[in-house]
Structure formats: C-alpha cells, structure tokens
Amino acid sequence: MSTPTTDGAETSEGGPTADRSRNSYLGEVWVNFKRWNLKAVRNPFVLIVSLVQPVIFLVLFTQVFGNVAGGAIGGPGGGGPSYETYLVPAIAVQVAIAAAATSGVGLVNDIENGMFEKVLVSPMSRSAVFLGKTAAELLRIAIQIGIILGLGVLLGAEVGTGMAGAVGIVAVGIVFSLWFIGFSNSLAVLTKDQESTIIGANLLQFPLLFLSSAFLPLEVLPEWIQTVAAVNPVTYGVDAARSLMLNADAASVFSASGFGTVGNAVVPAMAVLLVLALVFGGVAVAMIRRASSSKVQ
Amino acid sequence: MTEYAIDASGIELTYSDGTEAVRGVDLQVPSGEFYGFLGPNGAGKTTTIKTLATLLTPTAGEIRVNGFDVVSESRKIRESIGYMAQETSVDEELTARENIRFACESYGVPRDDRAGRIDELLDLVDLQDVADKRADDFSGGMKKRLDAATALVHEPPLVFLDEPTTGLDPKARNRLWDYFREINDDGTTIFLTTQYLEEADQLCERIGVVLDGQIVASGSPSGLKRRVGGEILDVNIADSDSERAAEIASRADLFEPDASVEVTEDGVMVTSQHARQAGTDLLVALRDAGIDVTGFNVRAPTLDDVFLAITGEPVEHETPTDETELEVSP
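Note that the protein sequences, when read in sequence, are chains A and B. Be aware that the first sequence starts at 12, since it is given in the working numbering, and climbs by one per residue. Be aware that the second sequence starts at 84, since it is given in the working numbering, and climbs by one per residue.
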C-alpha cells in the first residue's frame, strides 16, 4: 500500500501557532483510517470473532447439507455447481454482515472513552473522521472476504469468473456492508451501549441470512420465505456475488438486460444496495450529527 | 494576539428539554490569564466550557474566542484551542506515544516537528518511561496527564480544562497543577472549571463563581475568601444548648465585631478573621456557662462557605444534570 502524505500542502512558518493546523481533507481521512486500523490490529479478537461463525457455517453446511442441498441446486450430478461453490458467496455476505455489525461498537466505544468528543473539538472535518473509520472497516471486510474465498477454494469451490470475479465478489461484499454499517452506527447512537449494539445487529444476522437466497434457491423454499427474501437486502448481495462465482445470472428477484449474463444480475443488485446504503447511511449521519451537537435548542 | 482570549457577553444555552443551563454569562479573559470558573455540579460550568470550545451552539450571546466568532468561525477556534474534557479522554488501545501522535496528526502538526513535539510532551507530563505502553494499563492520574498532553500538541494559546483533577489523589492532583502552572507561565491562557475553592485558590488569578447558570461573584481568590469573612470555627454542643452557645459567641468581647455567628445542627459556627486566636476564649466561656462542648474545629472557608456568604443560602448538592453526556433525546 502506498503512503499518502498526512500533512497537507502547506506548513506555514512563523505565524501564530494556530496557523500551523492545516491538513488536507484526504490527509484527515488518512489519519483516522490509520487510527482505526491500528486499533483493529491491537484487538485481533474482534477480527477473529467476526470470522469464526461464517467459517463454521461454511465448513458445517457444506459437510452436513452438501449432498442434500446439491440436489436442490441441480448439483454436480445434474451438471450444476457444487454446494461449496454455491455457498461461498453467501458466506462472503455473512462475513460482511458480521464485520459491519461491529462498526457501531467502535463508535460507542469512542463516545464512552471521550475520543468522539476529542475528535469533534479538533479542527478535522467531521465527515473525514467518519470516512476514515468506515474505510478502515471496509478494508477489514475486504480482507475477511478474501480469507473466506481462499478457504472456499481449499474446500473445493470454484470462482467461475477467475481472479477478476473474486475481486468483484469482494467489491460486492463491500457495497453490501454499507447499509449494515449505517444500521449498526444508528443502533450505536440510539442505545449508546456496546452490548445492545452488538446484540441488536447480531440478532438480525440469522433471520436475514435464512430468509434469503443465501443457502438454497428461493424456488425450493416456502412461499412466505420467498416473499420476505424478495425484499431482503441479503438476497441482492448474495445473488450478485453468486452470479460472479458461477459466471451466470443467478438473480432470484429480477435481472436487467444488456449488461451481459453476469452483469444482468449484478447491476440491478448493486443499484438496490447502493440506494439502501444511501438511506441507512443518511440516517446514521443524521443521528451522529444530532449526537455531536448534543441536545441544544 | 488578541487582547482578550475570551470575550463574551450574554451567553445563554438552553437544552432541547428546556433546561436553561447557562443564563446570561459575561466573560472577559485577558490573554495570558489563569481564569477559574468555580461552582457546584449542575451550575452550568461544563455547558459554558463546551460552548466556548464550539462543542455546543449557544442559544444566544456574542462570543469571541481568540478573536473568532464561535458560530461562524468555529473551525478557526478549534485550531487555536486545547480542550480537556471532564471525563478522561484517551484511546486505551493505543500507547501513550500513539495517542499523542494521533493528536498531532489531528491538529496538523507538521511531520518534521512531530517526533520532537511528542517527546517534549511526554517529558512535560512525565510519561516518557511508559511511552510505548498501552494506556489501558495506566492509573487514573497517568491517563489524565496523557489527556492533558494531547490537548497541548499544537501549542494552543488558550486551553480549556474542565474539572481536570476531579477524582485524582492529592499527589496526582499536585503534579497536574504544576504542569498547568508551567503552561501558564509560558504565556498560555487557561480557562479552568472546578468545584474546589482550594484548586481555584492555588491556580487562578481570577475566579468567577457560577450558580444556576449565572456568575454570582467574581474577583481574585483572596478577595472572594475575604467576602466569607475569615476562618471558620465549628463548635459541637452536646445538648440543645446551641441557642445559648450562640448568644455567648456573639458577645462583642470574644471576636471582632464583624464576626458572624450561626446556629447549626450540631452547635454553632463562627466566621471570623480571628477564629483561631479567639477560639480558645469561646471554649472557656462555654465551659464556664456549663455548656458541654463535644468537639471543635477551625478551618479555612470552603466553596460552600463562599456560596453561603455570597448567596445567603447553602449550596444545594443536587444530582448533577447530565450535561457531560452526549445524548440524543428520543
């Protein structure tokens, strides 16, 4: 990774001390990005914990359900993909959820130990502060999805679109995680409590995953689950990642046309996820802004 | 450099729940002064300091800090002030050095100056030995010192300290006081809030006493204590002879005519410039009158006494309003 310069353009000499404070906007993002990465490295527990459950799912599901589920997806016998290949994109999305769920915990922690206020009273741009923090979390998610993809390949999964597709799956995971990062931070501001934040976000993890196209094709699931799955963001994330994995249009709700086989599934799914990201991100930003100006009339 | 580090008139701040935390405060703090804002919990000290530090937007008032307007030039103010919150604010997952480095980067201290500045500050707060240890192992006093160091990275001409020694043992407190004096001697203006008259007395050139969101008295520490009228002699009386004891204490020949005598729950309280010298005379007089004295104590005036003298009523030790928390109303 290259090292952008931290202190911006000018380092004016001679003036009163107040004039020395000049960071470029990107410099400020970088300062906060570094801090959160350092904290992640200091606290590898969080990193590992948010990987453990998805890894357990990946191994157990493929071993326990592999043969049965293989039939439902028209598995290797029927000319379809192996269950490993089918499942890895879903686990990638699960990793994104688990990691994004911890985003709010970092915020609560900062509010509790005073760093939130400390940053607010500094001359740094507030959006740069949160951009830096989010960027560090996205980097973590990218690395974790990379680990899952590697593990999946070791277990026999195949990425149909090759290296470029693998990068695409990481990108899908990152775009997918945005709405959940927004959700987690909103929970954080609302509850101001680490446990409530993590429990609240984790409670949603299972219903979100199981009521989606993550583990089995929607056609073989009960009708009410199909209905819920159609409006479940996880379905869109999984479908996009799965299309890249299978090098096919794996959209279970709707496909576009004119973007190529894979693109027809990926493009509309990404559009849905980006809109969600804007909505949830907007709510989180509004709530953080209210929290940072306290309750003044 | 501006003549006044803080020049404010009519600061008002009302929270959205209707609490009028600050009700018309005027402040003129000349550059270089060590100014103290003294008052009990819930008096509006933290709200005032947060308003001056641009963390809260005032409901009304004309406020300039380092010559900049708090509303329209808040970023310029943030660049030119140091702020130490009431709650210790350090990132415990980072080392002392990393905490100070993050602060340097936050304030845009030029890259070439950083290492030197970090060492200088580690020396100033005596944390050089533990510079590369994580802050979660630090004692309360060490964390406070680290917090203070991070507020000084950009050599701000004005520093806000919000009850910086609350909860510290006397040794740690004295050490912090030394640092604050040192910074002030170097020309830094300091605005400090405190609940303790002793702290204000030790550090500040001038004090504003704040109560219910208003400044009720201001002046030098000695001037304020003079308003209390000297030292205080508490005498505990066994039975319900307090009224008689008060009569005896009020006799003009015992204390100076300016002495004030009050009946308290346990006996009498005499405030006088000569409490120490005339105390023995009073005790003898009480014994001669057959009043059973169970205890006595001569002490310097406390904040409570200053309030009593200034406002005529004792400080209500109510539960503090939750003004230090960043809260979102539901």
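These are computed hints drawn from the structure, not numbers from a lab. For every residue, glycine included, the Cβ atom is placed at its ideal position computed from N, Cα and C. Heads up, some of the hints might be wrong.
[As the list claims (entries may be wrong)] Pairwise CB distance ranges, derived in the manner of DEER restraints:
{"id": "1", "chain 1": "A", "residue 1": "L58", "chain 2": "B", "residue 2": "S92", "range": "36 to 44 Å"}
{"id": "2", "chain 1": "B", "residue 1": "E86", "chain 2": "A", "residue 2": "I154", "range": "28 to 36 Å"}
{"id": "3", "chain 1": "B", "residue 1": "V154", "chain 2": "A", "residue 2": "F56", "range": "38 to 46 Å"}
{"id": "4", "chain 1": "B", "residue 1": "T385", "chain 2": "A", "residue 2": "L289", "range": "22 to 30 Å"}
[Said to hold, decoys possible] Partial list, derived from the structure: chain A residues whose beta carbon lies under 7 Å from chain B:
{"id": "5", "residue": "V42"}
{"id": "6", "residue": "R46"}
{"id": "7", "residue": "M126"}
{"id": "8", "residue": "K129"}
{"id": "9", "residue": "S133"}
{"id": "10", "residue": "R137"}
{"id": "11", "residue": "G271"}
{"id": "12", "residue": "N275"}
{"id": "13", "residue": "V278"}
Comparing the hints with the structure gives:
1. At about 52 Å, the beta-carbon gap between L58 (chain A) and S92 (chain B) misses the expected band of 36 to 44 Å.
2. The supplied range of 28 to 36 Å is broken by E86 (chain B) and I154 (chain A), whose beta-carbon atoms lie about 55 Å from each other.
3. Range check, V154 (chain B) to F56 (chain A): Cβ separation about 43 Å, and the 38 to 46 Å hint holds.
4. In this structure the hint that T385 (chain B) and L289 (chain A) lie 22 to 30 Å apart at CB is violated, the actual value being about 57 Å.
5. Hint status for V42 (chain A): holds, given a least beta-carbon distance of 4 Å to chain B, under 7 Å.
6. Below 7 Å, beta-carbon pairs count as interface contacts, and R46 (chain A) has one with chain B at about 5 Å; its hint therefore holds.
7. This hint holds: M126 (chain A) has a C-beta 5 Å from the nearest C-beta of chain B, less than the 7 Å allowed.
8. A hinted interface residue such as K129 (chain A) counts as satisfied when its beta carbon comes closer than 7 Å to some beta carbon of chain B; here the least separation is about 5 Å, so the hint holds.
9. Residue-level restraint check for S133 (chain A) holds (minimum Cβ-Cβ distance to chain B is 4 Å; threshold 7 Å).
10. Hint status for R137 (chain A): violated, given a least beta-carbon distance of 10 Å to chain B, over 7 Å.
11. Because the beta carbon of G271 (chain A) sits about 45 Å from the nearest beta carbon in chain B, more than 7 Å, this interface hint is broken.
12. With a least beta-carbon distance of about 43 Å to chain B, the hint placing N275 (chain A) at the interface is violated under the 7 Å criterion.
13. The beta carbon of V278 (chain A) comes no nearer than 37 Å to any beta carbon in chain B, farther than 7 Å, and the hint placing it at the interface is violated.
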